[in-house]
Amino acid sequence: MTTPARAPAAGRTPETKVLSANFGVPGSWTLPVVRPRGAYQALEKALKTLTPAQVTAEVKTSRLRGRGGAGFPAGVKWGFVPTSSPKTKYVVCNADESEPGTFKDRYLMELDPHLVLEGCLLAAYAVGASVIYIYVRGEYPLSIARLEGAMAEARAAGLLGAKILGSSFSCEAWVHPGAGAYICGEETGMLESLEGKRGHPRIKPPFPAVEGAFASPTLINNVETLAHVPWIVIHGGAAFAKQGIPPDPANPRAVGSSGTKLMGVSGPVRTPGVWEFEFGITLRELVYGYGGGPLPGRTLKAVIPGGLSMPVLTDAELDVKMGFDELAKVGSGLGTACAIVMDDTCDMVKACINIAHFFADESCGQCTPCREGCHWMEKIFKRIDAGQGTPADLDLLASLFGNIEGRTICALADAAVWPLRSILKKFRPEFEARLARPVAVVGAL
Amino acid sequence: MSPIPPGAQLKGAAAAAAGQAAGALAAATAGAAAVGAAAAKVAATTQATAKPVVPLAFPPPELKARCEDLLTRYPVKVAALLPILHLAQKHYAGWISPAVEAGVAAYLGVSDAHVRGVLTFYAMFHTQPVGRHDVWVCRTLTCWLRGAEGLTQAALAKAGIDKVGGTDAQGRFSVREMECLGLCEVAPAAWIDGQVHGHVTPDGLARLMDGCA
Chain A
1 MTTPARAPAA GRTPETKVLS ANFGVPGSWT LPVVRPRGAY QALEKALKTL TPAQVTAEVK
61 TSRLRGRGGA GFPAGVKWGF VPTSSPKTKY VVCNADESEP GTFKDRYLME LDPHLVLEGC
121 LLAAYAVGAS VIYIYVRGEY PLSIARLEGA MAEARAAGLL GAKILGSSFS CEAWVHPGAG
181 AYICGEETGM LESLEGKRGH PRIKPPFPAV EGAFASPTLI NNVETLAHVP WIVIHGGAAF
241 AKQGIPPDPA NPRAVGSSGT KLMGVSGPVR TPGVWEFEFG ITLRELVYGY GGGPLPGRTL
301 KAVIPGGLSM PVLTDAELDV KMGFDELAKV GSGLGTACAI VMDDTCDMVK ACINIAHFFA
361 DESCGQCTPC REGCHWMEKI FKRIDAGQGT PADLDLLASL FGNIEGRTIC ALADAAVWPL
421 RSILKKFRPE FEARLARPVA VVGAL
Chain B
446 MSPIPPGAQL KGAAAAAAGQ AAGALAAATA GAAAVGAAAA KVAATTQATA KPVVPLAFPP
506 PELKARCEDL LTRYPVKVAA LLPILHLAQK HYAGWISPAV EAGVAAYLGV SDAHVRGVLT
566 FYAMFHTQPV GRHDVWVCRT LTCWLRGAEG LTQAALAKAG IDKVGGTDAQ GRFSVREMEC
626 LGLCEVAPAA WIDGQVHGHV TPDGLARLMD GCA
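Note that the protein sequences, when read in sequence, are chains A and B.
Everything in the first sequence is counted per this note's numbering, starting at 1 for the first residue and increasing by one.
Everything in the second sequence is counted per this note's numbering, starting at 446 for the first residue and increasing by one.
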């Protein structure tokens, strides 16, 4: 399962292979193959010529934003970890990729696990951590095997463990396997799971940077975020910041989307897959140009631009650029940048049942609005599908959306509301057509 | 206060306490006979069915080295619970019985209830016997859009099971619908015993299942 290698057609945005440079190289998951191709050169450079603070400064300069979906500036997050703390510090790499439609991190872990490990080590060096846990979802056995293989190779080569590359920096790394729970991709749910508990998200503050794993300072970043760090250390943060979409000087909140991003397309399209682009390619080119567009004889109905948890966009809205601020501006979100396409054969009421069922199944159960609300929404959609819904059910859904969103500890409930509300808004006639016909009241007048 | 007695005695004591409470209730309320009888019945049932769980000696010799290695990776023992449960489940025919649960709890120094709580939270752990082969069909949006429902029906028919989550009478297959397996680019996807398959057709899935002993 490697990326389909295709030459860009004329006028097509080319791929920019930074993270995916080793994809498709035979044996790219082994040290003897990737070391001559530059693996661990960034680690060597950092340990020999840069202080930890300088590494963090480069990441800040790069304006790298978190690739797990939230887009928080990575360098700022690194800066939150108190360097003065006498406690053992941890780096936890979020490899729980459970977001539906999303498989980009799997490619990184299966095809270039040393890149992921090197990124983790650079982060550990920068924040003074001595232990790395890579939390990989249990459904990814090959990712786990490849990462553990990479760790064993790195240990044997003096790239992991005590006094790495002869420096004073010592650091261990382990894979921690998940066991099937979407909520463990939420960073504090993940910490609970790492500590051997049910994955119930924690109330913040305290934030993980100050009090995370085992009540110690912990840096948590997504796989793809960390995999960017070696390139940034070699080429400098400024070079990274030149790629992608620059900040908008007129809008201080639009901090830009620098660098490249793994982007995927799945669903009923001709050529589903994952590719790497600088931010700025349009969603239309991603879906039609690279994803190949709808299957023969079908037309596109809606696209969720990143994962399952973002509002849908219709075909008319696909000219938006793939970037954090750009997608937010059109009322959706970049999410994981792995788009799910729905075509004209997709029954939107049934799709809502499928989506609501996912969130109902994956709710951890801590907060009432989510635990009860997700099941309730599923029941209402089932009722509508069965022809037993009433106009009041559509109002009830609207009320539920408002009473679920923003009223829970973590964002799972918000993630359930966003796609459902947008589908209901943009495809409302489909729902109305399915409602039960009003029963005429006939009586003696 | 004396230390809490071991399981069997505690359960006996709890049942006796329930009986006592029921007795007090019977004396104090009208129509109490029925209430008292019901409480006594509950107490009797508790005594009859709640057999004390004898913890299994854990880890077994085959898992000892790996479990000890796992404990060195974390500052607290209980953090090794998930990886240890994965090992134990694989070792004990695909599920964690109350005896294994208690053995793991004793090994890590936590309560049985803590381990049960974790077991029932995660989709990949089982607290009931399962078939020799795990057949999972991904049911989430991308796979659903590409025909996952047909795969579930094909798997159930092949296994001779009437309901998702069930196991056939011979104990050959357990068929489950799972949430997104992260194989979306090759949807619809299925998983058989840890081996993932993409672009699966109903006939193809049936053939894959034919290959399972």
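Treat each hint with caution, since some may be false.
[Claimed, not checked] DSS-like mimics (lysine-lysine), calculated; alpha carbons at most 27 angstroms apart, straight line: (1) B:535 / A:87; (2) A:197 / A:242; (3) B:608 / A:382; (4) A:350 / B:522; (5) A:379 / A:321; (6) A:17 / A:350; (7) A:45 / A:163; (8) B:522 / A:197; (9) A:350 / A:45; (10) A:87 / A:204; (11) A:350 / A:242; (12) A:329 / A:426; (13) A:242 / A:163; (14) A:197 / B:608; (15) B:509 / A:197; (16) A:204 / B:608; (17) A:426 / A:382; (18) A:379 / A:350; (19) A:329 / A:379; (20) A:204 / A:242; (21) B:608 / A:379; (22) A:321 / A:60; (23) A:163 / A:48; (24) A:321 / A:426.
Keep in mind that the hints were calculated from the coordinates and are not lab data.
Structure-based check of each hint:
no. : hint          : in the structure
1   : B:535 / A:87  : violated, 36 angstroms
2   : A:197 / A:242 : violated, 43 angstroms
3   : B:608 / A:382 : holds, 19 angstroms
4   : A:350 / B:522 : violated, 45 angstroms
5   : A:379 / A:321 : violated, 36 angstroms
6   : A:17 / A:350  : violated, 38 angstroms
7   : A:45 / A:163  : holds, 15 angstroms
8   : B:522 / A:197 : holds, 12 angstroms
9   : A:350 / A:45  : violated, 54 angstroms
10  : A:87 / A:204  : holds, 20 angstroms
11  : A:350 / A:242 : violated, 44 angstroms
12  : A:329 / A:426 : holds, 17 angstroms
13  : A:242 / A:163 : violated, 35 angstroms
14  : A:197 / B:608 : violated, 30 angstroms
15  : B:509 / A:197 : holds, 22 angstroms
16  : A:204 / B:608 : violated, 41 angstroms
17  : A:426 / A:382 : holds, 19 angstroms
18  : A:379 / A:350 : holds, 12 angstroms
19  : A:329 / A:379 : violated, 32 angstroms
20  : A:204 / A:242 : violated, 34 angstroms
21  : B:608 / A:379 : holds, 20 angstroms
22  : A:321 / A:60  : holds, 24 angstroms
23  : A:163 / A:48  : holds, 12 angstroms
24  : A:321 / A:426 : holds, 21 angstroms
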